[in-house]
Amino acid sequence: MAGRAEIMPARSRVAIHGLEFLLGLSVVAGLWYLASAAVANKTLVPSPLMVLHAWVDLLRSDLPADVLASLVHLGIGYGLGIAAGLALAMLSMRFGAVEAIVDPLVEVLRPLSAIAWIPLAILMFGVSQRVPVFLIFYAAVFPIFVNTIAGVKQVDRQLVRAAEMLGASRRTIVMHVVIPASLPYVLAGARLSLGVAWMAMVAAELTGADSGLGWRLFWYQEFFAMDKVMAVILTIGVLGYLFDTLLRRLQARITRWSPDSAALDS
Amino acid sequence: MRPLAQRQWLPLLFFPALLAAWEALVRAVGQTALVPYPTGVLQALARTIGDGTLVAATASSLLRVLLGFAIGAALGIPLGMLMGRVQRIHRAIGPIIDSLRSVAPIAWIPMALLWLGIRGNAALFIVAYAAFFPFVVSAVQGARLIDRNLVDAARALGARQALMLRSVVLPSALPAILTGARIAMAFAWGSIIAAELAMGIKVNAGGSAAVGLGQLMVNTLYVRRDVNGLVLYMIVIGIISLAIDLAMRRLQRGLTPWRPI
Numbered sequence: 010m011a012g013r014a015e016i017m018p019a020r021s022r023v024a025i026h027g028l029e030f031l032l033g034l035s036v037v038a039g040l041w042y043l044a045s046a047a048v049a050n051k052t053l054v055p056s057p058l059m060v061l062h063a064w065v066d067l068l069r070s071d072l073p074a075d076v077l078a079s080l081v082h083l084g085i086g087y088g089l090g091i092a093a094g095l096a097l098a099m100l101s102m103r104f105g106a107v108e109a110i111v112d113p114l115v116e117v118l119r120p121l122s123a124i125a126w127i128p129l130a131i132l133m134f135g136v137s138q139r140v141p142v143f144l145i146f147y148a149a150v151f152p153i154f155v156n157t158i159a160g161v162k163q164v165d166r167q168l169v170r171a172a173e174m175l176g177a178s179r180r181t182i183v184m185h186v187v188i189p190a191s192l193p194y195v196l197a198g199a200r201l202s203l204g205v206a207w208m209a210m211v212a213a214e215l216t217g218a219d220s221g222l223g224w225r226l227f228w229y230q231e232f233f234a235m236d237k238v239m240a241v242i243l244t245i246g247v248l249g250y251l252f253d254t255l256l257r258r259l260q261a262r263i264t265r266w267s268p269d270s271a272a273l274d275s
Numbered sequence: 006m007r008p009l010a011q012r013q014w015l016p017l018l019f020f021p022a023l024l025a026a027w028e029a030l031v032r033a034v035g036q037t038a039l040v041p042y043p044t045g046v047l048q049a050l051a052r053t054i055g056d057g058t059l060v061a062a063t064a065s066s067l068l069r070v071l072l073g074f075a076i077g078a079a080l081g082i083p084l085g086m087l088m089g090r091v092q093r094i095h096r097a098i099g100p101i102i103d104s105l106r107s108v109a110p111i112a113w114i115p116m117a118l119l120w121l122g123i124r125g126n127a128a129l130f131i132v133a134y135a136a137f138f139p140f141v142v143s144a145v146q147g148a149r150l151i152d153r154n155l156v157d158a159a160r161a162l163g164a165r166q167a168l169m170l171r172s173v174v175l176p177s178a179l180p181a182i183l184t185g186a187r188i189a190m191a192f193a194w195g196s197i198i199a200a201e202l203a204m205g206i207k208v209n210a211g212g213s214a215a216v217g218l219g220q221l222m223v224n225t226l227y228v229r230r231d232v233n234g235l236v237l238y239m240i241v242i243g244i245i246s247l248a249i250d251l252a253m254r255r256l257q258r259g260l261t262p263w264r265p266i
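Same order as they appear, the protein sequences are chains A and B.
Here the first sequence stands for residues 10 to 275, numbered as in the numbering used here.
Here the second sequence stands for residues 6 to 266, numbered as in the numbering used here.
Hints were generated in silico from the structure; no laboratory data involved.
There may be inaccurate statements among the hints.
Only pairs whose alpha carbons sit at most 20 Å apart, straight line, appear in this in silico DMTMM-like list of lysine to aspartate or glutamate [as the list claims (entries may be wrong)]:
hint: 1; chain 1: A; residue 1: 162; chain 2: A; residue 2: 173
hint: 2; chain 1: B; residue 1: 207; chain 2: A; residue 2: 219
hint: 3; chain 1: B; residue 1: 207; chain 2: A; residue 2: 231
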């Protein structure tokens with residue numbers, strides 16, 4: 010069996026893999042349909058068809074605005090988080106005094122998940138967009154910071170010394186040796202950051218915001234429109250999956266040359 | 006060497022000084038009701054330990070985390086091993102699993118509340134959901150790490166299924182699964198707090214129905230309006246995260262001593 014798969018032309022292999030996925034999808038959808046038929050309560054377990062219908066409905070009404078609101082939260086929070094994480098990492102590596110302060114601070118704050126900040130964030134900002142933005146920022150800062158430092162620390166000293174010996178300036182060494190060599194780690198950190206930021210976003214919107222996908226969940230729940238709740242849940246999943254795939258592709262493309270990129274891709 | 010000395014002394018001087026300055030500033034400005042300050046947090050600690058709420062809520066949250074963790078392991082490890090061994094199944098349901106994994110567990114809270122009610126089982130569902138996926142992912146990796154030669158050798162020597170499982174499959178897959186368990190546990194702890202916060206904020210739990218740390222925080226935020234209490238609970242949550250990670254690392258070292266972490 011395995012031998013036959015090896016010699017099969019690539020195109021028909023793709024077709025078979027596609028068929029296998031369609032089969033899996035229909036089995037899962039079928040089980041879901043059976044469950045909804047068995048429960049026979051469209052509030053408790055809406056059938057896949059109802060959810061699909063609700064989803065098409067929402068696409069024409071609320072969903073685009075909710076997705077946009079969530080993306081704005083994510084864009085601002087994640088952008089600030091990545092920028093701050095990178096800046097802090099670079100400053101700590103350049104200046105010992107910064108490292109002496111930032112390092113213990115990070116070690117103290119890192120175990121404290123973004124979720125635990127929700128009540129204090131609500132108190133500080135009120136129920137508003139600023140709660141998810143703050144939480145996304147907080148969640149995104151640590152993975153990128155930690156990975157950037159790890160990435161720079163693992164840069165081969167020999168390469169730096171070789172460049173120094175050949176008369177490269179500090180600037181050239183940073184630009185042409187340190188940054189390329191640490192890039193796979195930085196990108197892996199950016200992907201980790203996005204994963205936790207996505208979770209923090211949903212939790213913050215659910216509890217402390219008045220817009221976005223997470224907020225919509227309870228909005229529909231108050232009308233017991235569970236088919237719409239399910240449609241929003243699935244939208245959250247598909248969008249999260251798309252973002253992760255996008256970053257993974259980007260990571261693979263940018264660091265194609267690096268043996269680290271395969272090892273860090275998990 | 007100067008940098009080393011600086012590195013040791015600076016935080017030791019800086020952080021106590023910062024806390025003292027913070028306390029003095031809050032008292033000087035007279036905003037003790039709005040801004041948390043160190044001695045206020047200590048007072049909150051003494052009060053919540055005194056009336057037993059802190060310990061009870063922490064125990065209630067932790068218990069649900071352990072239960073959800075066990076459910077996630079019981080469902081996730083077999084599915085992951087299956088997906089890791091049979092490529093077809095992996096291709097068929099891999100993308101579905103990945104999409105469901107990308108749903109923040111907390112997004113299920115409206116459905117979970119409907120299915121399981123507010124008495125804590127909704128939070129249990131969220132925790133189990135959160136713990137499930139790290140187990141699946143790590144079990145897939147673990148199953149792939151099993152050396153075919155070892156399996157063939159064991160089979161040639163006449164090993165039955167049970168022996169095969171115990172002495173070949175498990176030891177090969179265990180390191181990866183334990184790494185997954187560590188992630189699952191951290192994830193579960195974050196999710197229980199999120200679930201309890203959402204339940205506390207969005208649903209009137211009607212008094213004493215299964216109160217965990219999250220509900221206690223909501224109560225402190227909206228009813229007591231006690232900032233020091235909030236900061237105290239955040240510190241407790243952080244310390245428990247650290248303790249959980251430490252315990253899981255120790256477990257990993259104990260169960261797979263042949264493997265560096």
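Going through the hints against the structure:
1. A:162 <-> A:173: With Cα atoms ~17 Å apart, residue 162 of chain A and residue 173 of chain A stay inside 20 Å; holds.
2. B:207 <-> A:219: Roughly 13 Å between the alpha carbons, so the hint for residue 207 of chain B and residue 219 of chain A holds.
3. B:207 <-> A:231: holds, 10 Å
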